[in-house]
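Chains as they are written, first to last, in our numbering: chain A, 184 to 632; chain B, 184 to 632; chain C, 184 to 632; chain D, 184 to 632.
Derived by calculation from the structure, the hints in this document are not laboratory data.
Residues from chain D shown here face chain A by an in silico Cβ test under 7 Å; the list is partial:
id, residue
1, M494
2, V533
3, R534
4, S537
5, I545
6, G546
7, G616
8, Q618
9, E619
10, N626
Below, computed lysine-lysine pairings styled on PhoX-like, alpha-carbon distance capped at 25 Å:
id, chain 1, residue 1, chain 2, residue 2
11, C, K209, B, K518
12, D, K518, A, K209
13, C, K221, B, K207
14, A, K319, A, K200
15, C, K308, D, K601
16, A, K601, B, K308
17, B, K202, B, K192
18, B, K601, A, K413
19, C, K319, C, K417
20, D, K221, D, K209
21, C, K518, C, K591
22, C, K413, C, K327
23, B, K319, B, K308
24, D, K413, C, K601
25, C, K207, B, K221
26, B, K316, B, K200
27, B, K591, A, K394
28, B, K417, B, K452
29, A, K591, B, K452
30, B, K209, C, K518
31, D, K413, C, K591
32, C, K413, D, K588
33, A, K413, A, K318
34, A, K588, B, K394
35, D, K209, A, K518
36, B, K318, B, K264
37, C, K394, D, K518
38, C, K413, D, K601
39, C, K518, D, K394
40, D, K308, D, K264
It should be emphasised that the depicted structure is a prediction, and the values quoted were computed from it without experimental measurement.
Each residue gets a CB set at the ideal place from its N, CA and C atoms; glycine is no exception.
There are 4 protein chains.
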Amino acid sequence: MADYFVGAKEYFPGISKIKYEGPKSKNPLAFKYYDAEKLIGGKTMKDHLRFGIAYWHSFCGDGGDPFGAPTHIYPWNTDAKNPMDAADKKMDAAFEFFTKIGAGYYTFHDRDMAPEGANPAESEKNLFTLTDKAKKLQKETGVKLLWGTAGLSNNPRYMNGVATNPEFGVVALAATQVKATLDATIALDGEGFTFWGGREGYMSILNTDIKREKENMARFLTMARDYGRKQGFKGMFYIEPKPMEPSKHQYDFDTDTVVGFLRHYGLDKDFRMNIEANHAELASHDFAHELETAAAAGMFGSIDANRGDSMNGWDTDQFAISYYETTLAMYTILKIGGFTTGGLNFDAKVRRNSVDPADLFIGHIGSMDAFAVGLQAAQRIIDDGVIPNFVKERYASFDSGDGAKYSKGEMTLEQLAKIGTDAGYGTTGWTSGKQEYLENVLNGYLLGL
Amino acid sequence: MADYFVGAKEYFPGISKIKYEGPKSKNPLAFKYYDAEKLIGGKTMKDHLRFGIAYWHSFCGDGGDPFGAPTHIYPWNTDAKNPMDAADKKMDAAFEFFTKIGAGYYTFHDRDMAPEGANPAESEKNLFTLTDKAKKLQKETGVKLLWGTAGLSNNPRYMNGVATNPEFGVVALAATQVKATLDATIALDGEGFTFWGGREGYMSILNTDIKREKENMARFLTMARDYGRKQGFKGMFYIEPKPMEPSKHQYDFDTDTVVGFLRHYGLDKDFRMNIEANHAELASHDFAHELETAAAAGMFGSIDANRGDSMNGWDTDQFAISYYETTLAMYTILKIGGFTTGGLNFDAKVRRNSVDPADLFIGHIGSMDAFAVGLQAAQRIIDDGVIPNFVKERYASFDSGDGAKYSKGEMTLEQLAKIGTDAGYGTTGWTSGKQEYLENVLNGYLLGL
Amino acid sequence: MADYFVGAKEYFPGISKIKYEGPKSKNPLAFKYYDAEKLIGGKTMKDHLRFGIAYWHSFCGDGGDPFGAPTHIYPWNTDAKNPMDAADKKMDAAFEFFTKIGAGYYTFHDRDMAPEGANPAESEKNLFTLTDKAKKLQKETGVKLLWGTAGLSNNPRYMNGVATNPEFGVVALAATQVKATLDATIALDGEGFTFWGGREGYMSILNTDIKREKENMARFLTMARDYGRKQGFKGMFYIEPKPMEPSKHQYDFDTDTVVGFLRHYGLDKDFRMNIEANHAELASHDFAHELETAAAAGMFGSIDANRGDSMNGWDTDQFAISYYETTLAMYTILKIGGFTTGGLNFDAKVRRNSVDPADLFIGHIGSMDAFAVGLQAAQRIIDDGVIPNFVKERYASFDSGDGAKYSKGEMTLEQLAKIGTDAGYGTTGWTSGKQEYLENVLNGYLLGL
Amino acid sequence: MADYFVGAKEYFPGISKIKYEGPKSKNPLAFKYYDAEKLIGGKTMKDHLRFGIAYWHSFCGDGGDPFGAPTHIYPWNTDAKNPMDAADKKMDAAFEFFTKIGAGYYTFHDRDMAPEGANPAESEKNLFTLTDKAKKLQKETGVKLLWGTAGLSNNPRYMNGVATNPEFGVVALAATQVKATLDATIALDGEGFTFWGGREGYMSILNTDIKREKENMARFLTMARDYGRKQGFKGMFYIEPKPMEPSKHQYDFDTDTVVGFLRHYGLDKDFRMNIEANHAELASHDFAHELETAAAAGMFGSIDANRGDSMNGWDTDQFAISYYETTLAMYTILKIGGFTTGGLNFDAKVRRNSVDPADLFIGHIGSMDAFAVGLQAAQRIIDDGVIPNFVKERYASFDSGDGAKYSKGEMTLEQLAKIGTDAGYGTTGWTSGKQEYLENVLNGYLLGL
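Build out the structure end to end from the sequences listed, making use of the hints.
Here is the structure:
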């Protein structure tokens, strides 16, 4: 019996289920480090990493760029009789891919799965038709929905914003999509629902009322949250910070900005961060910074796994392969007890000139391997304890005596200043941060296997 | 009688009070556009612009850069018998400059005004000695203190942070400075007190506990606020956002980040933003963005007027001269009713190779003129009404009917989606943002005088 | 008689020839500063500025972005029976626009003007069909061709490079386009021929042989030059530097890089720079820097007039409106005697959400006005002489005595060192660069009219 | 007998010669991967890597930053009677460090080694006094001089430029330093002489004549080259590209710019690139890009090993620790046959808050280990041949038939276009670049040891 799904037609012929073959394998279509059932710290790699496949990049992305036409020509489109037929075939291809690559999860936009119809009712009908099929295929394959999201970026009607659009009618049309996609996500037992606000920002500050737009955005999110909860949605809502592109400025600039926004509008109980490495970088942050910042706020949720190019200033959505990034990401995640509802969703695409069908597998395999390496290195960091203990010790003066009193807020500025005055300057503060030492220690964890 | 102050020695000989000579003047030591008493919208330019001179750049900055030795050699230092004598002479020079340039305000760090002593008590004594002199000179000249701040960046003891230092003893020493500087600010009738957290961040995420550091920072600010209020300080506390440098990452990254932080810790009633153009740029924001964002949050306070270089990635602190930046800044300020406690403080320095003593005047004159131009252009924008009305109209669909209901939060997602479904797609949203039109209109305001 | 061209159908109804109405006009469809026949320094504005309209952005660009579908729906496409019919109608629209806006020049890619056929021969035939029409319309309207270029970016066959493609067959197909477009350019009396190497670079250094690719590129340019000259082309060849996007790295990174390349391969007699502001910025250069650098090398040619957004890291191609940029650009151009073959080609597009047909006019009008302001300010800089004379004086020590000897290369290091040793240190070099002074002077020129 | 040098006083007590202890060692003061005598591809690690220690960062750098006072207080300074005594002690400390860390080379500026005197003659005397001592210590320890350079950045006299200064007298003073440092380098059997043009650029384009400055720079380099050769200097001259900082713009922007400059002025036979990772990054280039570009031009020379922070926009000069960067660097170097005169000079400094004396060792150890890992990974890449062969095959169509004819320049554009026309479009060019595959292959080489 096949260990992967194939629908009416096999869309990736010649490629069967990707196997773990170990570090010495030279087979591009095998895992070298990702061994799904291997236990790391008492949990399987698969359960740690919770890989998700993005419907949009992998089955909809066409390889076009601002200066170039599509290069990825998919048989599920070229063979199809009409858009709904293409959508049906695409879903077969998707589940074939999910099961061949061995990912436990997938993610989707409404418009990835089903084409927009002539009116909102028809769009909804299209979506539900495909949702029914997805439900069946999920059951058949065991693949689950990590999260759903509404595609609120592509259609021209959103060119001036979605929830932040200055035209009320647009907000109402956005609501038709969010409601339907929430319904679909609930129907598919989705573990989350994401908002990516690519158009929630401005192109020109000259025509923009920031206050009004932010308030409208908060209202929209509140209504979506309320609706979801009323319908019994138990999953997490996610915001995916991004600073810019396609908007000149996006209101969900980075984690700290979004955390502040959610708290201000009373949304911080239901929303968490879905952090993307490439977006972090566009906001002048390391991926690790964004993860640690979300974790510190108690609002880490999920990851859109990819990488940007620090020498290019746009969203390249490449596959994450740096062991440094995967190790630090998994270290943060292990420190906070692992993923709860979220996972590692590959918001990554093969390059425009990666036109072999196998490239889609190869891109995912490389990144899955890189996260498997990172997971193991992160576990070593925790098991050895050198770095976590160093950090703990570094703040020890706040754990007892006056420091502890300070930490509890039981001190006035006069009392604190008096402590300083009594102590005098001396060499207080002349303490090495030991950055080079810690960097060397980290480097040591990366190599062993 | 001289219309400017001179102490025991004249430090800028050959330069007397800078006069307004009008646009045709070729005198580098005259204002071309800044005419202090000229009424703009019923208020004098002086009262609109509330110019402040920064003690640090203008009288302490030595022209050194990371690759070069000091080039600005000041007579108040070279002539002095000891650091306290230098501080005394420097203050004479400062008030001479304030009155010659015609600025109504100044700003200072404790360490700009008085040297650090051998211990906190001596440091405080030094500061109060100079504060007494400043009080006298303020009275004599009418120059006022816009805000004070504690210099918590330069001393090696702060190399690992100030309020976010992992060593409690450092926090206590920082408190000695903040308390004394608050006392001094109150004594000098300062209208504000600023925190610039250049060291409140991290150099390496590997040795850092972000959660703990942010909590410690909030606690420290809370204690300072409480102390100030107890001592009768009625002014505004300011945070000056900056994303990085000298730290790799600074917790006060940008306005949205700081607003979120202040609200979360209950500090938003007492703190406002002090926004610096150069810092905005380092955070990938336009100056106008930061101002509008602060205004939208109701938390705009003051400005550190300068400019960066968008082609260089560090804090260049040049004088603001772009009419675009000054116009948009003044437009935001006029829209919210003008400065209340804050002002336009020149956090700017002459270039390392600007070694003529007159350059200090010329740098300030150019920027004061540029803000005078910007103020008048901003007033024209408001008087003409084209841009403000365009923005108002753009959101008109939220002012009545269902849009208004939505704005008041009296709608569920189902109701909103039903409106969308009933309306259908049509061409809803296909509305021009008219960006090019508004840019042209703006360009028109810049040229007339 | 109409003072503009209209073909079988008027594509911009309701808009007639754009007139100069002066600074006080509030008409968005009138020039405020650009007065074509006004003499500046003895030459008309029109002859100074030599405005060109880009076929691609203005008549082909569809408003799509990497996250959004097309928003600019053109009647010449929607009304057409087939691609050649659309191309024919588009050319009518283009000449209608050229003549209504009053631009003396236009620029085109082969694929802007005529669709690609089923094979190179058919593509060429399509192009020549449209070229014949363009020739007729040029004659009828007096509009001239500033330069032509081959569209070597969009088609998937160029995804791995054009002249730098690792596959010889691609280079041969590129040659079919370059040859045909050169022929067309010659037929249309084009004053130049441009190469924009958007795909001449690499996506990954791992699969790239830089040496081989650069040599292939030089060879291709050499062959094109040789062919053009043989066919009697007297115009200038241009390279348009760009550092990246769509490629990760482009070999034509910036002016200095291209100048070095052209000189090394013996192409510097026939090629000049076509400098684009947005590309300059992406390469971390000010527009003025690139212009001055090209001028210093004697290799300035033409301008792709637009602007980027220094807060966004991609090619936004907005209309140039900053008086600072237009003034400094025109200052450089006036200093070297004005344009010879080149001109100000608007490589700029209206925003995705600027969907009013009038926006295309408004965008161009604003930028034409901004260059008119810049031209006049630049002329004032030159007439007043303050800045040029300052610069001249600054280097005066190289004009006589030992300095002049040094400048002529008639000195050894020993002789030079001896002069230094004999002089001693003193305060040699402690000379103000007067940057703030010059910035203020520049600011003064911008405002008067 | 001690296996390291100690002068009159031991400056790093408690630290003896750093030993290789292997990957399992937890000793921060031991090498884990760098095993000096281990053979890699038939050559010892030591001979491959040719590590050099930078005098300036390691023994002169004081930990100051633009917002903070010095934190690195050195006993060779605090114990000294006068600047020459400090210089003497510092040299003892330096050679102690060189021999304890086991670096075969060092590099220096004249002003690192000896203080500037009251006049050029005294400065030269100071330098030669220390050079004599260095000569003795080199002989005693076997440590060699990788290259020397003149410190032409720090002194205020260079604030407007060095060879590009508008004042001839400054150029003459610069010549005194270059001549003396060249003499010293020759006396010390230095293998190279470097120019880092940090001040060879401009602060403001308004006061700058780019053409004149570049010509003056070329003249100065020519004179230095001629003098060196006349004195029998057989080593290589190096230019170290850097785009900016401290200058707004530096003429030696990047490798391509410098290569073009050197070729234009006939300096390309005597000069090579000294490439710094951090400078590459500031110029928007990957380190690997700059190395490959220099290698492609036949002008690679040496490396200033360090790293920047892609999230910060200034020269952080951190220790290189990324295995990705060290592997790709060593891969390029192995491909071109290894270092000839150059080496891996650590132009890196411990962080301002790394105030343990041991940190200086730890920083270097970590980076030496990282390059040892990179060297071995690079050798594996070459031995396996997968990547190099892929690249070779990718261009195979240029090795025979028409492609080869094209490569030899034996084809006209007409002939080339005819080949294209005859072939037709088909799917020519639709070839995967296999970027993801190659990235995965690279990732595989990093982990094994």
